[in-house]
Each structure stands twice: as structure tokens, then as C-alpha cells.
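Student: Read off the chains here:
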Amino acid sequence: MASSVLKYLPVNIANIIANLKEWQKREVIEIRMRVNQPLQLISYEGEIFPLDEKNNPCIITPLDLERAFMILVKNSYYAIERQLAEGFLTIPGGHRVGFTGQAVLEGGEIRTIKNINSLNYRISRQLPGIAGGLIKKIFDSEEGNIYNSLIIGPPLSGKTTLLRDMVRLISDGDERYGLKGKKVALVDERSEIAGAYNGIPQNKIGKRTDLLDNCPKARGMLLLIRAMSPEVLAVDEIGHREDVLALEEVINAGVKILCTIHGRDYYSVLQRPSLQGLLAGKAFERYIILSNRAGIGTVEMVLDASGKEVK
Amino acid sequence: MVKFTGACLILISGSSIGWILASVYLNRERELKELQVAFNILNTEMSYGKNLLADVLENAAGVLKPPLSSIFSRAGEELKNSREKSFSELWEELVDRYGRQSFLAQ
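Residue numbers (my numbering), protein chains in the order written: chain X, 2 to 312; chain D, 2 to 107.
Treat the hints with care, since some could be wrong.
[Stated by the list, open to error] DSSO-like cross-link-like pairs, simulated, lysine-lysine; straight-line CA separation at most 27 Å: (1) X/Lys183 x X/Lys312; (2) D/Lys86 x X/Lys75; (3) X/Lys205 x X/Lys137; (4) D/Lys51 x X/Lys115; (5) D/Lys86 x X/Lys8; (6) X/Lys8 x D/Lys51; (7) D/Lys81 x X/Lys8; (8) X/Lys26 x X/Lys55; (9) X/Lys115 x D/Lys81; (10) X/Lys283 x X/Lys181; (11) D/Lys51 x X/Lys75; (12) D/Lys86 x X/Lys115; (13) X/Lys8 x X/Lys55; (14) X/Lys183 x X/Lys137; (15) X/Lys55 x D/Lys86; (16) D/Lys81 x X/Lys75; (17) X/Lys183 x X/Lys283; (18) X/Lys137 x X/Lys309; (19) D/Lys51 x D/Lys66; (20) X/Lys184 x X/Lys137; (21) X/Lys309 x X/Lys138.
The hints are simulated quantities; they were obtained by calculation from the structure and are not laboratory data.
Model the full structure from these sequences, guided by the hints.
Tutor: See below:
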């Protein structure tokens, strides 16, 4: 899957990356290109600045960046002007490419971004099975219900990867845990979870999952509970007040929720003003705390609604 | 008789040259009209349809006759497959290659 990313890079850059041992060992998680700066790769082990054939740092020229961007937009900048305003594009395989440049404003809103100066290819990796060890802690086997769960972690701690596998597992069901497959609705605002390309999921999200792709979370959640009668609803990166209001609606409708939020730990999330209503009502029955202390996806602990560790 | 034959030959050859020259101008006009339609298609499909440039070029090639159609269809094809050339490089190369064969270059 990751090799498909190379098709979206200029040939000279793709060749350099393809020859790196870290790439061949599937350890690279980000490829960063900044104009007039060396090519940078981020791997599980740290950062890499690849060298060219003359053993010099591989400097990204304005032409390299322009070519890379034109490959990404298929030479059709005009066709995706609206998506450009969001600052990222999703390419087949569910990989996300973020970019920066000069913002073009209209009425105080970003209309598009021009003169791109930096690209960040975030490589999406599926890790089927990683949610297996956690499922016992978020599944009430007596009632046959999933607990409302919030995954907390800093950037690059594997929140989305874990959420994706939880969605897959809950949707497919797993006899080993006594878990029967449930109807899952997934709002994927940035096409990161399902990695949909033209609306079709590229990642494994389970056979009972209904995907609403590229839709604002709050509106998407309300649409899904009305339209698809889910048993579980999953959403990534909540935090805005409208997301919280929509989540309250979902919970009141009797639908279980799985969501993620940026945060260092449990206490940092407790202080988020927008979440106060949900937290006071003990809406979340499980908190899964992630970190990258022992590598991406380290599960620090699982807490219950009152903040006690679930063993 | 010889004079008459000579006069006829001059008349026929003069007319033929005239027709040949006129056909070049007529074909130039036809090619210009076709290009106008093709560029209108490009404009509409890009501005309103927001279709990808490679597909738009291939669609526009349909209203053109060779060699101009080759410029558009090859540009569309190569845009889909090439990662090494920008559109402007590709376009210049194709206009250079196929444009010379058109009546507009004569």
C-alpha cells in the first residue's frame, strides 16, 4: 500500500526514497518536501535526510515541488480549488498529503492556497488486530454493548489507526471475545480513517460499516443517526463545541460512540472547556490513553468513567 | 492549334494552382474553426464541469481532425502517464511535433 505513495512523487525523489532501507523495511511514516530545503523522512526511529548519488543532501528545488504538486492535483488545480482550501488532499491508499503556501482569503475565509512551498505525505498504515487486546476493556459482554469510549493521545500516537481497527473489529464482530458484529456508522471528515478515494473505502473498516466521507463531523453524525440507524458511531478528532453538541444528540439517541481527541493525558482533556458538558454527565464510559513513549500506539492505560484504571 | 493548346494548359495550370492555394486557406479556416470549438469545450469542461485536464483534452480531441487532434489526445494520454514533464513542456513539445503538419503552419 505504501509503495503507491511513490507514484505521487517526482521520479527523481521517488527513486531516492525507494532505495532507502528504512523505506524497504516499511518504517517511513512521513515524507516532507520543503522548497530549497533537504528532503526529510520521518520513520518510527526518527528523522532521515536522504543523500543523492553524490552523497549530498537531496535539496528540494522549486521545480521538484511544482512537479509533485501537479502530480497530486493531476494538472487540474482549478478542479480541486475547494479541497485545496482545507490544506490537504487524500490520495489512493488513504494517504494524506498536507501542504502549505500562500493562503488566498475571501471574506476572511481561506478560499485556496497558492504558491505551495511545503508538502507532507503522511503514510497511512493499517494494522489489523491492534484493537484486539483492548476490546475486552471497552466491551460489556453481559449487556453485549460497546462502552462509549474516547481515545486520548498526542499527535502521532496512533489514535486514528486504533480507531480504524476498533471500527473494523466491532463491525465484523469476533467470536473470541463474544462480540457480535454491530452496525457502525463512520464520519470521516478528512478521509483518514477509511482512506476513501472517490468515496470508496481503501482501508478495512468492516462489513457492517456505513461511511460518510469528507463531511463535517457535527452534521455528519446527525445525518447518520437519522439515515442509517447505527448501533455504534465513530468519529475522529472531536473538540469543537458543535461536535460536542452533536455527540450529545447521538448519545441521547441510544447510539454508542467511539471517538478520538488530541490530548497529552486524561487530565489535559478534563480541562477542555468544550467537553465540560459531556464529562460532567459521565458520557464517556472508557478513556483509552495513548502515547508514543514506547513507540507509536503505546497504550498507557484504560480508565473508566470515574477515572479509575480498568485492569 | 498549338496556341490554343498552350492557352488551355496555362488556364488549367493557373486554375489548379489557384485551387491548391485556395484549399490551403480554406483548410486553415477550417482548422481555426475547429480549434475555436475545441477551446470552447476546454473552457466549459474546466470552468463548469471541473473535469480533470487529461480527460478534457481527450474529449476536445474528438472535435478535431488530424494532426490537431493528435496534439490534444496525446497531451491527455501523456498527462495521465507521465510524471516527468509539466503540462506546458508537454504541450510545447506536441505542438512542435504535430503542429508543423497542420495547414496553419503552411
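Student: Now, for every hint given, state plainly whether the structure supports it.
Tutor: Against the structure, the hints come out as follows:
Distance hint between X/Lys183 and X/Lys312 is fulfilled; the C-alpha atoms sit about 25 Å from each other, no more than 27 Å. Between the alpha carbons of D/Lys86 and X/Lys75 the distance comes to roughly 12 Å, so the proposed pair stays at or under 27 Å and holds. With a CA separation close to 21 Å, the supplied pair X/Lys205 and X/Lys137 stays within the 27 Å bound. Taking the CA atoms of D/Lys51 and X/Lys115, the gap is about 18 Å. The hint holds against a cut of 27 Å.
Distance hint between D/Lys86 and X/Lys8 is fulfilled; the C-alpha atoms sit about 14 Å from each other, no more than 27 Å. With a C-alpha separation of about 23 Å, the suggested pairing of X/Lys8 with D/Lys51 holds against the 27 Å cut-off. This hinted pair checks out: D/Lys81 and X/Lys8 have alpha carbons roughly 12 Å apart, not beyond 27 Å. Simply put, X/Lys26 and X/Lys55 have alpha-carbon atoms about 24 Å apart, close enough for the 27 Å limit, and the pair holds.
For the hint pairing X/Lys115 with D/Lys81, the CA-to-CA distance comes to about 23 Å; that is within 27 Å, so the pair holds. A C-alpha spacing of about 26 Å is found between X/Lys283 and X/Lys181, which places the hinted pair at or below 27 Å, so the restraint holds. Between D/Lys51 and X/Lys75, the direct Cα distance comes to roughly 12 Å. Compliance with the 27 Å bound is thereby established for this hinted pair. A hinted pair counts as satisfied when its Cα atoms are at most 27 Å apart, and D/Lys86 with X/Lys115 qualifies at roughly 20 Å.
This hinted pair checks out: X/Lys8 and X/Lys55 have alpha carbons roughly 24 Å apart, not beyond 27 Å. Distance check on the hinted pair: X/Lys183 and X/Lys137 sit about 16 Å apart at the alpha-carbon level, within 27 Å; holds. For the given pair, X/Lys55 sits about 24 Å from D/Lys86 by alpha-carbon distance, which is consistent with the 27 Å threshold. Distance check on the hinted pair: D/Lys81 and X/Lys75 sit about 8 Å apart at the alpha-carbon level, within 27 Å; holds.
Straight-line distance between C-alpha atoms of X/Lys183 and X/Lys283 comes to about 23 Å, which keeps the hinted pair within the 27 Å bound. For the hint pairing X/Lys137 with X/Lys309, the CA-to-CA distance comes to about 16 Å; that is within 27 Å, so the pair holds. For the hint pairing D/Lys51 with D/Lys66, the CA-to-CA distance comes to about 25 Å; that is within 27 Å, so the pair holds. For the given pair, X/Lys184 sits about 19 Å from X/Lys137 by alpha-carbon distance, which is consistent with the 27 Å threshold.
For the hint linking X/Lys309 to X/Lys138, the alpha-carbon distance of about 12 Å falls within 27 Å, and the restraint holds.
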